[in-house]
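So the sequence lines, in the order shown, correspond to chains A and B. If you read the first sequence in my numbering, its first letter stands for residue 3, the second for the next number, and so on. If you read the second sequence in my numbering, its first letter stands for residue 3, the second for the next number, and so on.
One thing to keep in mind: the hints can contain errors.
Below 20 Å or equal to it, Euclidean Cα-Cα: the simulated EDC-like pairs (lysine to aspartate or glutamate) are [to be verified]:
(1) Lys130/A with Glu183/B
(2) Lys131/A with Asp113/B
(3) Lys84/B with Asp138/B
(4) Lys135/A with Glu183/B
(5) Lys131/B with Glu186/A
(6) Lys101/B with Glu183/A
(7) Lys135/B with Asp64/B
(8) Lys131/A with Glu183/B
(9) Lys147/B with Asp36/B
(10) Lys16/A with Asp156/B
In case anyone wonders, no lab produced these hints; they're calculated from the structure. Predicted model only: the values in this text are computed from it and were never measured.
2 protein chains.
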Amino acid sequence: MSRLILASASPQRKTLLSGLGLRFEIIPSRIEEDDHPEADPRIRAQNLARLKALDVHALHRDATVIGCDTLVVASDGTLLEKPKDDADARRMLMLQSGKTSLVHSAVCVVDASGNTHEGLSTSSVTFKKLSTKEIDWWIESGLWKDRSGGFQIDGLGQLMIQSITGDWTGIVGLPVFLLGELLEKAGYRIQ
Amino acid sequence: MSRLILASASPQRKTLLSGLGLRFEIIPSRIEEDDHPEADPRIRAQNLARLKALDVHALHRDATVIGCDTLVVASDGTLLEKPKDDADARRMLMLQSGKTSLVHSAVCVVDASGNTHEGLSTSSVTFKKLSTKEIDWWIESGLWKDRSGGFQIDGLGQLMIQSITGDWTGIVGLPVFLLGELLEKAGYRIQ
Chain A
3 MSRLILASAS
13 PQRKTLLSGL
23 GLRFEIIPSR
33 IEEDDHPEAD
43 PRIRAQNLAR
53 LKALDVHALH
63 RDATVIGCDT
73 LVVASDGTLL
83 EKPKDDADAR
93 RMLMLQSGKT
103 SLVHSAVCVV
113 DASGNTHEGL
123 STSSVTFKKL
133 STKEIDWWIE
143 SGLWKDRSGG
153 FQIDGLGQLM
163 IQSITGDWTG
173 IVGLPVFLLG
183 ELLEKAGYRI
193 Q
Chain B
3 MSRLILASAS
13 PQRKTLLSGL
23 GLRFEIIPSR
33 IEEDDHPEAD
43 PRIRAQNLAR
53 LKALDVHALH
63 RDATVIGCDT
73 LVVASDGTLL
83 EKPKDDADAR
93 RMLMLQSGKT
103 SLVHSAVCVV
113 DASGNTHEGL
123 STSSVTFKKL
133 STKEIDWWIE
143 SGLWKDRSGG
153 FQIDGLGQLM
163 IQSITGDWTG
173 IVGLPVFLLG
183 ELLEKAGYRI
193 Q
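Construct the complete structure from the given sequences, taking the supplied hints into account.
Encoded structure:
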């Protein structure tokens with residue numbers, strides 16, 4: 003079995019991949035997300051996942067590399083990235099309160115031969131109608147930091163999420179079902 | 003704030019409740035699930051959650067007690083409990099392969115005054131069409147043990163689950179969104 007590399011520094015992705023019992027290394031890519039402002043978030047996520055995987059694979063050609071990118075789109079079409087500060091996080095929460103956002107999670111697996119295997123997992127997240135007090139509490143918690151859309155569906159953030167459809171791991175940042183299929187196509191055996 | 007007790011020995015429930023940052027004790031109830039064969043799984047789950055919470059509350063009247071019960075129903079209406087052995091787990095997987103099961107997760111919170119606050123969180127789980135090889139692998143993993151319906155949506159089990167609708171934590175066994183609402187009604191402050 004070739005080396006397996008996760009091209010992401012996200013602790014949530016590390017936890018999910020560890021849950022599969024695989025041995026892997028973490029080598030974040032050098033791709034700047036802001037350099038890729040494609041209009042369609044699905045295409046943008048897929049492009050970023052591929053660029054991240056290829057960037058790391060170029061330096062580690064003997065390895066199977068996993069690249070991922072997750073984008074959140076509010077119900078009015080606004081693309082929600084990671085909040086810059088308290089005010090930005092508050093704006094994102096108010097926009098999503100009582101509504102349903104889409105989460106596009108793209109994965110690209112580059113195998114040791116340099117072939118790419120990719121796919122997109124789209125899920126929806128329906129938020130509780132949040133009171134000002136609840137939003138204040140969430141902003142003060144600081145748990146919105148480094149989270150696309152300013153929310154999380156694990157831990158305390160779950161108190162704001164009424165329901166989801168899709169793969170919950172995709173919302174966290176690494177859609178495990180899709181990843182399993184792509185690793186299989188790449189000849190990397192999990193099962 | 004009164005003492006908080008989780009009336010369940012499930013490690014998955016412990017992990018989810020810990021994720022809310024609450025201090026709590028674990029005191030499993032003495033309720034035998036087999037003694038409650040009500041026909042409607044939703045009523046059965048709700049009755050069991052209430053009985054478990056009240057059983058523990060009777061011994062700890064100063065505490066707020068959380069009781070929960072989770073039942074899985076296959077698409078043909080078969081109630082799926084925890085598999086008894088390999089053959090039972092295989093039967094459950096084959097029944098659910100390529101289909102959608104319902105997961106009913108009931109919660110009952112008994113407050114320090116003895117009042118009950120309860121609700122039901124129902125989610126659906128759609129399975130991949132599983133090959134014999136995949137089922138063999140899952141049975142051999144032993145990860146189906148102590149899991150209603152013989153599957154899990156965390157860890158390796160996620161490779162078999164194509165999508166869900168609802169609250170993923172309810173499928174794991176403790177629907178956190180519902181729990182948050184019930185604790186609030188019970189006067190127990192999280193936020």
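Hints, one by one, checked against the model:
Under the criterion of a C-alpha separation no larger than 20 Å, the hint pairing Lys130/A with Glu183/B is consistent with the structure, at around 11 Å. Taken as a hint, the Lys131/A and Asp113/B pair is broken in the structure, with Cα atoms around 25 Å apart against an allowance of 20 Å. Taking the CA atoms of Lys84/B and Asp138/B, the gap is about 18 Å. The hint holds against a cut of 20 Å. Between Lys135/A and Glu183/B the CA atoms are separated by roughly 15 Å; this keeps the pair inside 20 Å, and the hint holds.
Between Lys131/B and Glu186/A, the direct Cα distance comes to roughly 15 Å. Compliance with the 20 Å bound is thereby established for this hinted pair. Distance hint between Lys101/B and Glu183/A is fulfilled; the C-alpha atoms sit about 18 Å from each other, no more than 20 Å. As the CA atoms of Lys135/B and Asp64/B are separated by approximately 52 Å, the hinted pair breaks the 20 Å bound. A C-alpha spacing of about 13 Å is found between Lys131/A and Glu183/B, which places the hinted pair at or below 20 Å, so the restraint holds.
For the suggested pair Lys147/B and Asp36/B, the alpha carbons sit about 18 Å apart, so the restraint of at most 20 Å is met. Between Lys16/A and Asp156/B, the direct Cα distance comes to roughly 14 Å. Compliance with the 20 Å bound is thereby established for this hinted pair.
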